[in-house]
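J.: Sequence:
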Amino acid sequence: MAGLLCAALFAAILLVYWPGLRGAWIYDDRISVLSNQSIQSPITLDKLLDFEGQTPLSGRPLSSLTFALNYAFAGDAVLSYRLVNIALHALNAWLALAILLLAFKGRRSFWTATMGVVFWAIHPLNTEAVTYVTQRTELLASFFLLAAVYASCRSLDGVLGERPHCGPPGRRSLPWKSLAVVSCCLGMLCKEILFVAPLLIALFERAYAFSDFRKQFKLRAGFYASLLISWLPFFYLQAGGPRRFAVGWHLGMSAWEYLSIQFFMIPHYFRLLVWPADLQIQYARPEIVGYADYVYPVLFWTALVAIGVACWKKGWKWLFPLIWCFAILAPSSSIVPITTEVAAERRMYLPSLGLIAGVAFLLGSRGVTSRRPVLAALFALALLLGWQTRSRNADYRDESILWRQVIERQPWNWEAQGILGDVFYMRGDFVAAADSYRATIAVEEGALFACNNLAWLLATAPDPQLRSAEESLAYARKAQAIADAKREALPLEARQNVYSTLAAALSANDRFEEAQEALAVSLSIARERGRADQVAAFEEGLKSLEAGLVYP
Numbered sequence: 318m319a320g321l322l323c324a325a326l327f328a329a330i331l332l333v334y335w336p337g338l339r340g341a342w343i344y345d346d347r348i349s350v351l352s353n354q355s356i357q358s359p360i361t362l363d364k365l366l367d368f369e370g371q372t373p374l375s376g377r378p379l380s381s382l383t384f385a386l387n388y389a390f391a392g393d394a395v396l397s398y399r400l401v402n403i404a405l406h407a408l409n410a411w412l413a414l415a416i417l418l419l420a421f422k423g424r425r426s427f428w429t430a431t432m433g434v435v436f437w438a439i440h441p442l443n444t445e446a447v448t449y450v451t452q453r454t455e456l457l458a459s460f461f462l463l464a465a466v467y468a469s470c471r472s473l474d475g476v477l478g479e480r481p482h483c484g485p486p487g488r489r490s491l492p493w494k495s496l497a498v499v500s501c502c503l504g505m506l507c508k509e510i511l512f513v514a515p516l517l518i519a520l521f522e523r524a525y526a527f528s529d530f531r532k533q534f535k536l537r538a539g540f541y542a543s544l545l546i547s548w549l550p551f552f553y554l555q556a557g558g559p560r561r562f563a564v565g566w567h568l569g570m571s572a573w574e575y576l577s578i579q580f581f582m583i584p585h586y587f588r589l590l591v592w593p594a595d596l597q598i599q600y601a602r603p604e605i606v607g608y609a610d611y612v613y614p615v616l617f618w619t620a621l622v623a624i625g626v627a628c629w630k631k632g633w634k635w636l637f638p639l640i641w642c643f644a645i646l647a648p649s650s651s652i653v654p655i656t657t658e659v660a661a662e663r664r665m666y667l668p669s670l671g672l673i674a675g676v677a678f679l680l681g682s683r684g685v686t687s688r689r690p691v692l693a694a695l696f697a698l699a700l701l702l703g704w705q706t707r708s709r710n711a712d713y714r715d716e717s718i719l720w721r722q723v724i725e726r727q728p729w730n731w732e733a734q735g736i737l738g739d740v741f742y743m744r745g746d747f748v749a750a751a752d753s754y755r756a757t758i759a760v761e762e763g764a765l766f767a768c769n770n771l772a773w774l775l776a777t778a779p780d781p782q783l784r785s786a787e788e789s790l791a792y793a794r795k796a797q798a799i800a801d802a803k804r805e806a807l808p809l810e811a812r813q814n815v816y817s818t819l820a821a822a823l824s825a826n827d828r829f830e831e832a833q834e835a836l837a838v839s840l841s842i843a844r845e846r847g848r849a850d851q852v853a854a855f856e857e858g859l860k861s862l863e864a865g866l867v868y869p
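Per our numbering: the sequence shown = residues 318 to 869.
Derived by calculation from the structure, the hints in this document are not laboratory data.
None of the values given here were measured: they were computed from a predicted structure.
Be careful, since some hints might not be right.
[What the hints assert, rightly or not] In silico lysine-lysine, DSBU-like type, Cα no more than 30 Å apart, as pairs:
(1) K634 - K532
(2) K535 - K630
(3) K631 - K535
(4) K630 - K532
(5) K795 - K860
(6) K634 - K795
(7) K631 - K532
(8) K803 - K364
[Unchecked claim] The following label-pair restraints were derived from C-beta to C-beta distances:
(9) G392 - R588: 36 to 44 Å
(10) P781 - A404: 34 to 42 Å
(11) D827 - A853: 55 to 63 Å
Even for Gly, the Cβ is constructed at its ideal location relative to N, Cα and C.
Please take these sequences and the hints and turn them into a complete structure.
T.: Written out as structure tokens, the structure is:
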């Protein structure tokens with residue numbers, strides 16, 4: 318029966334995610350896979366750690382290793398990467414089902430747990446975490462967190478006087494405890510959200526295995542202390558600064574400012590969980606026009622506090638779904654600013670599991686799901702969610718659709734407008750690219766990459782009618798000024814590109830000596846980054862400029 322259920326669950330997941338299998342590489346995928354030397358052979362530990370690359374995989378060596386193996390097997394064929402992501406999502410669904418069956422008992426628990434996991438597995442809100450290849454980091458971290466929770470649950474056998482129905486009696490607990498510790502450590506090598514794992518495991522056991530904290534810590538204090546070993550790789554990896562240009566208070570955003578953004582975004586996540594329409598692959602800061610924009614968030618937080626108090630009075634097992642949700646959200650959605658990404662739907666991947674499972678068991682405990690009309694409604698809802706997930710995956714076939722959706726829903730999102738310009742540029746639609754870059758700069762004059770990319774386009778476009786040497790130099794100078802002002806907050810690669818573009822714009826205006834000086838800066842940065850391929854290209858460019866030829 319269990320094998321048949323797992324096969325059916327995998328088939329349902331594959332069915333709803335099938336339309337996105339042969340889609341395009343999306344945004345950070347190009348950084349994580351196509352141009353990421355750290356995952357290309359030969360595979361070494363230094364390359365897997367990759368603190369200086371500042372890619373989405375930097376400081377996440379186990380995630381990098383899975384991409385390296387994928388690259389060795391399939392190169393840059395996106396199908397292989399998305400199949401792996403779907404398989405990981407299915408594994409997470411199976412683990413979630415096993416945990417729910419261990420945590421709850423009663424004759425309705427099997428079908429209630431199955432219902433909760435199915436709704437979570439096919440929910441459209443999870444599409445970004447599964448289909449957006451780079452977000453494998455989220456899937457892997459979730460897998461190891463679920464594995465740790467499952468192992469801790471199994472380790473309770475033979476320890477408690479009042480057995481919490483966590484597996485057959487008489488099992489030795491040490492192997493399961495060891496597996497939980499190892500899972501936490503491995504998860505920390507995938508993504509930083511595993512920092513909360515020791516706390517979550519302790520609270521999970523309090524909710525579903527122990528009647529009071531005193532008895533719990535008397536029996537399990539040593540185990541909880543051993544889970545803290547997983548913090549050692551966390552501190553080591555973060556000391557390398559793998560995301561120093563994206564995360565932290567030194568980038569100009571205060572803790573209060575970031576928290577105020579989450580005040581609006583977390584209610585938005587919950588709305589998408591209930592009504593998954595208007596999904597977006599990227600979010601800008603919410604635009605607050607008047608007091609009316611505060612109504613929904615204030616009502617949401619007020620209701621949430623009331624629900625939390627009611628759950629706490631009813632018992633820990635009813636409060637835990639909320640604890641699970643907000644504890645996992647905390648690293649990315651509290652006070653530590655992620656300036657490059659103030660919100661992301663994938664952050665609800667694992668938090669949504671606790672909420673959906675909690676609602677499922679609430680309905681099951683009331684006997685609601687045993688009524689035929691309710692069962693019919695739930696079946697219809699599952700079909701609707703599956704259809705929406707298939708439709709959302711179809712959007713991933715064309716990256717421009719994803720960015721147009723963002724711009725349509727957030728017209729002030731200049732970053733999305735600039736990324737859409739990059740998409741057009743890569744397709745060779747240079748007129749549309751130039752229009753998108755100009756639209757970006759019209760909204761945000763300090764849009765560095767739009768200024769830089771537009772300058773490069775105007776200096777090097779294959780169509781002579783699109784070129785404009787003077788305008789190119791104006792935008793290149795503007796990009797240089799922005800880059801110099803933000804020097805400490807920019808990756809070296811960004812400054813390298815800015816000066817390379819400046820060299821191209823200067824050479825287009827026959828100012829070859831100044832172009833050589835600009836390109837020499839790019840050459841120096843490429844040497845500092847250890848990029849031999851780029852060093853050779855820049856040296857060749859310098860020779861061309863010395864001969865009075867246009868660069869590139």
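J.: So which of the earlier hints does this model not fit?
T.: 6, 10, 11
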